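Going down the list, the protein sequences come from chains Y and A.
With the working numbering applied, the first sequence covers 1274 to 1694.
With the working numbering applied, the second sequence covers 545 to 716.
Certain hints may be false.
To be verified - If you anchor each label on the Cβ, the simulated ranges turn out as follows:
hint: 1; chain 1: A; residue 1: Asp693; chain 2: Y; residue 2: Pro1511; range: 42 to 52 Å
hint: 2; chain 1: Y; residue 1: Glu1688; chain 2: A; residue 2: Asp637; range: 33 to 43 Å
hint: 3; chain 1: Y; residue 1: Lys1582; chain 2: A; residue 2: Asp623; range: 36 to 46 Å
No wet-lab data here; the hints were simulated from the structure.
Note that the coordinates shown come from a computational prediction; the quantities given were computed from them, not determined experimentally.
Ideal placement from N, C-alpha and C gives every residue a C-beta, glycine not left out.
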Amino acid sequence: MTTENELKPVAEGGLLDRRLFLKKGLTFSAAVLSADVLAESSDIYRPESSKKAGDPFSNYGLPSEYERKTIRWTMGNSMADGNGVSWTPLQDLEGTITPNGLHFERHHNGVPDINPKEHQLLIHGLVDKSLMFEVDDLLRYPMTSLLCFIECGGNSNAAWRSEPIQTKLGYFHGMASCSEWTGVPLRLLLNEAKIKGRAKWLVAEGADASLMNVSLPLEKALDDCFIALYQNGERIRPENGYPLRLIVPGWEGVTNVKWLRRLHLTNRPVMARNETSKYTELMPSGKARQFSFEMEAKSLITNPSFGHKLDKQGLYQISGLAWSGRGKIKKVEVSADGGNTWAEAALQEPVLSKCFTRFRIPWQWNGQTVVLKSRAIDETAYVQPEREELIKQRGQHGYFHYNAIVSWKVDANGEISHVYA
Amino acid sequence: MFMRNSLICLSLLFVPVLHAEEKTPLLGKPVSKALVEKWNGDIFPDGEGLPAGKGTATYGKKVYQQYCLSCHGVDGTGDSADELAGAKHGLTDNPPDKTIGTYWPYATTIFDFTRRAMPLNNPDVLSNNQLYAVTAYLLYLNGIIGENDIMNAQTLPKVKMPNRDGFVNQYQ
């Protein structure tokens, strides 16, 4: 039995101790399963699914037909349908790993059709010898695996608008996904080509129809970047860079160049369109932030969020995601009274650097109108800012790198809306 | 004796550790300078990488009308694709007006990006002369060069963009 003391709130708005579920194995008031009575014709109850032989094996599994609504929402340019984005439906997912078919996409001109037998990677510039690598060659190299998020620098940009957008969470914060990537440390290939002392940057280029390129500091490339061949155990999907994708842990998505074909070592950045005209943040002064690579700490309550509805009062679990491009998430705090009081959420282990971290906290909803918020604090002690604070620092026209606290208002009917609060 | 053992122990601590993973099969194949030049399309603000060729805004307007206008609008004022020219106000206004003329820091980037990515429906269609011409036209539309100024590998890097000093490097 749960004592009254254990249901005592730890902050206003009905937030309860994060250890409550662990201690009691409580069930949700709305989700208690009950078995039907025994059927007359049988000794044991058999659900319908068990009364006949099931489907045969399949070569490649697909989600249940009852889960067909869990899809990426796609948004292409009206004149060029391969220029645009698709969003991870974060509001429908749990845990931390994004299924490969639901990883977000940002393409500048579509998904190229690449035969790996014809794809090559060139390393040149400030190296002793220019080298060409075949994909099959790279498969023989020592590999490393890393669980990390990739987030587009333009993720959440709708939140800069003056009025809160009323759409599902994934449709404005879903340009962020998390996978286990496996591939060859960039350091190994660059060392094979022998880096010249003057090299300070490298320009990475993809083999898509926009020959998308960006400059990266060599220091980062040698630190933890790698050329991924696998995503969540299988070869990378075409829309995520097949056959080779540069992984730049914790840095904005555009640097994680898909369909990687060329690495040019230089002593300065190339000043590509995607590091000057785009992926820079205009500030109120008229100056723009450039090379703001790191994705700063962010958290989102994924459930409940816009589009969900609370049917009845009772015990719920608030669940969400937090991540930081600077390292591990140290703490996530949740508020159920619009930010007046906060309670610490439980973090799902393992908590990994530059990786999605799932947080959860029990919550008693008594039918009152409340505003739910979460805020992430990372291991560098960076605290996710309130929206007002972020706008004070950056103005409203930065477009990229929006990471402020997200607020959901739950009204007396259990309807959830996006608010600035 | 004790001292000598300590020293040996200490020196062992400083032996560099060779990670097993640092050994690689060395499968990268050396390639010729000619191949690298063919693959390398990077163009830098100082003009490194710019190809031979030239063009002016007069011809560039024709290139623009044929390949760019359907998405970027009349005179670069924007449509389904970005506004490139014709800014009505500045970067500190609400909302700011970001065009090549008000925002882009380097003229070489126009040539580089157009060559690698434009037009979206046929990114391999423009010749270097056409690229110089359409670059000249975009600079002319923004009031940065004259209608008859010739853009080539020597002149393009010398074009000083109005927002050249508008960026603050966040990477230390």
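Structure-based check of each hint:
Range check, A:Asp693 to Y:Pro1511: Cβ separation about 44 Å, and the 42 to 52 Å hint holds. Between Y:Glu1688 and A:Asp637 the C-beta distance comes to about 38 Å, which sits within the given range of 33 to 43 Å. Restraint check, Y:Lys1582 to A:Asp623: a C-beta distance of roughly 40 Å satisfies the suggested window 36 to 46 Å.
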